[in-house]
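Visitor: So the chains spell out like this:
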Amino acid sequence: MDTIAEIPKEEYVLKCTSACAGCSDSLALRYVLKAAGPDTVLVVPACCTSVIQGIWPNTAFNVPVYNIAFGAAAACASGMSNAFRAAGKKTNVIVYAGDGGTLDIGIQSMSGAFERGTDFLYICYDNEAYGNTGMQRSGATPLGARTTTTPTGKTDAKKDIDAIIAAHDPPYQATAAAAYPQDLFKKVQKALTFRGPSFIHVLAPCPPGWRYSTEKTVEIGKLAVKSGMWVLYEREYGKLTIGAQSKVAMKKPIPLEDYLAPQGRFKGIDLQTVEILRQRIKKTFAKLAAEEAAP
Amino acid sequence: MKKIATGNKAVAEAVKQVKPGVIAAYPITPQTEIVEQIAEFVTGGELKSRYIPVESEHSAMAACIGASITGARTFTATSSHGLLYMHEMTNWAAGARLPVVMANVNRSLGPGWNIWAEHTDALQERDTGWLQVYVSTVQEAYDATLMAFRIAEHNDVLLPVMVNLDGFLLSHIMQPLETIEPGDFIPPIHLPHAIDVKNPAGYGGLTGPDQQFRFRWDIERSMRDSVKVIEETQKEFAKRFGRNYGFTEDYQCGDADVIIVAMGTLGKEAEVAVDLLRREGIKAGSMRLRWLRPFPKLNLKGKQVVVIDRDYSFGRGGILATEIMAQTKEEVASIIAGIGGQEVTYEDVAGFVRKRRMGTEFWFGVSGNV
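Sequence order for the protein chains is S and C.
Numbering-wise (my numbering), the first sequence opens with residue 1 and increments by one.
Numbering-wise (my numbering), the second sequence opens with residue 1001 and increments by one.
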């Protein structure tokens, strides 16, 4: 699949969701479900997607959606996957959770499900804050970003959930971005071919939370990759492959300021913090390049 | 088949016979033997269930919920802090109308670390929408667990059921056990709202102020309907297997002037106290409450009522006493005894009756000797 035209036309995220304008959560989900197809159940903990699907008795998603408490998505999916497999069903069980439900309150149940080898796909769409409750800091909020609970900018670094997942040694894990739908589509398709747990971490820029105008959602996502603030890669049975777009960024990243400046959440960020972020990008690039080069 | 077993083993035996599709549990004293026994059944191939060794009780109930909504039969077991840790999810299971069955081995709550019998753990789950039954013998633990599946999965109920047995006093006590072949007494599970990928639906999503109360009322409607289902199930069980159970187990209540009401093993101990008291000329009876939810209509008219609570609601009183006082105008003497495994003998129970002061609360071991 090389062009967007080859992505199936079937829609599983229907019109009239209650998503904000420019929402990349629903944008990413559209391609996730196109890749997964109709034999799929979504397990959704408390997050923006709880709202986006609409108000009962309506649903904006054309696959079954099981909503579950904030910290319990992966455990719920464990039970579901085991029950489906016991009944001889191949139905995809996909957790679609935000960064709060993944990095913070949901990390225990997620770790447990990965350790037990649960046959499911866990997708974390990361808008780098608690979006559903109006943008409070999360473990995924980057250093320097303003949220309603870090009004002068976050003083702690973003938690490296991908390293935590890697420590569970799942058959497949990847990063993706809503701004690169073909890449996301391919990764979801691939993830679902593995037996056991797989993980995809999707960058999902959020216009009201990150404070940029709605039409810039795709552009902001691309700037994140081009600047190195987000790196696209996948690991199959532990073997790392860095994505083409990120390879370009590793050779010649765009100035970090080009990514930070259009976002209100980084307004007033001091030079020292920007420098720490820049050093972190370098470190991440070096680490990933070394891992990819290793025999 | 006749054997000797602990209360925990009896629960595991019953679970083996109903063959849940998925069992998810986390060990906690004094429930541990239930999960160990089930894991052994599964590993040995005697039980073809999926056993999920989850990393917490919160996840145990979440996994049961995830499995149940696919239409699978599910079971878990816990105790004390484990039950409290899954509290968020026990509400979810009931709200989602999932017939999960759970054995709870009643145990005190910390601090301090006390692993002995108390009912406060389960009573803190009183308002979640779970049906709750309290048992007093190994045989009853087995029978009630079997019946729990039939009741929970009945289409007029579709609510989870908790089978409560006293930590150590029953979980670890060996008594005779007669196992049965339940056959079609436990029909195959059919969940009308099970997930169907061919007919996609949203479950548990945003629900407005114009709808939420309807779902809550529907839980209560089914809770009320469950009375009939429990009666039918217990009647059918007696017919097929010869053992009789009611909402309460009444002993010498007919002509009694004073009735002891208690739950679990203390309720059984009370029967011995009744014999003792009757020999002394005190017309006593005992009414062991089996079902706390749905709460049955108790016939206490014209009796003095001595309620023994192995639990407490701080700032209010013994929880069972409070429930009974809300239902009857008869005078109640409230006894708080057996907290955290405090030893209470039938002689002590007889003493509660002999020295009862109606309309008062008495803490055994604190308020002075009786």
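Bear in mind the hints are in silico, worked out from the structure with no lab data behind them.
Quick caveat, the model's predicted, so the values are computed rather than measured.
Treat the hints loosely; a few may be bogus.
Said to hold, decoys possible - Capping the alpha-carbon separation at 30 Å, the derived lysine-lysine pairs in BS3-like fashion look like this:
#1 K1019/C x K89/S
#2 K89/S x K1198/C
#3 K226/S x K239/S
#4 K216/S x K283/S
#5 K89/S x K1048/C
#6 K239/S x K216/S
#7 K89/S x K1016/C
#8 K34/S x K247/S
#9 K34/S x K1198/C
#10 K15/S x K1235/C
#11 K1198/C x K9/S
#12 K1283/C x K90/S
#13 K1301/C x K90/S
#14 K34/S x K186/S
#15 K247/S x K222/S
#16 K9/S x K222/S
#17 K282/S x K267/S
#18 K267/S x K239/S
#19 K90/S x K1048/C
#20 K1016/C x K90/S
#21 K1019/C x K190/S
#22 K186/S x K226/S
#23 K1301/C x K1283/C
Visitor: Does each hint hold? Answer for all of them.
Guide: Hints versus structure:
{"no.": "1", "hint": "K1019/C x K89/S", "result": "holds, 19 Å"}
{"no.": "2", "hint": "K89/S x K1198/C", "result": "holds, 13 Å"}
{"no.": "3", "hint": "K226/S x K239/S", "result": "holds, 23 Å"}
{"no.": "4", "hint": "K216/S x K283/S", "result": "holds, 28 Å"}
{"no.": "5", "hint": "K89/S x K1048/C", "result": "holds, 16 Å"}
{"no.": "6", "hint": "K239/S x K216/S", "result": "violated, 34 Å"}
{"no.": "7", "hint": "K89/S x K1016/C", "result": "holds, 23 Å"}
{"no.": "8", "hint": "K34/S x K247/S", "result": "holds, 27 Å"}
{"no.": "9", "hint": "K34/S x K1198/C", "result": "holds, 16 Å"}
{"no.": "10", "hint": "K15/S x K1235/C", "result": "violated, 53 Å"}
{"no.": "11", "hint": "K1198/C x K9/S", "result": "holds, 18 Å"}
{"no.": "12", "hint": "K1283/C x K90/S", "result": "violated, 65 Å"}
{"no.": "13", "hint": "K1301/C x K90/S", "result": "violated, 59 Å"}
{"no.": "14", "hint": "K34/S x K186/S", "result": "holds, 10 Å"}
{"no.": "15", "hint": "K247/S x K222/S", "result": "holds, 13 Å"}
{"no.": "16", "hint": "K9/S x K222/S", "result": "holds, 24 Å"}
{"no.": "17", "hint": "K282/S x K267/S", "result": "holds, 23 Å"}
{"no.": "18", "hint": "K267/S x K239/S", "result": "violated, 38 Å"}
{"no.": "19", "hint": "K90/S x K1048/C", "result": "holds, 19 Å"}
{"no.": "20", "hint": "K1016/C x K90/S", "result": "holds, 26 Å"}
{"no.": "21", "hint": "K1019/C x K190/S", "result": "violated, 35 Å"}
{"no.": "22", "hint": "K186/S x K226/S", "result": "holds, 20 Å"}
{"no.": "23", "hint": "K1301/C x K1283/C", "result": "holds, 15 Å"}
Hints 6, 10, 12, 13, 18, 21 from the list above are not met by this structure, while the remaining hints are.
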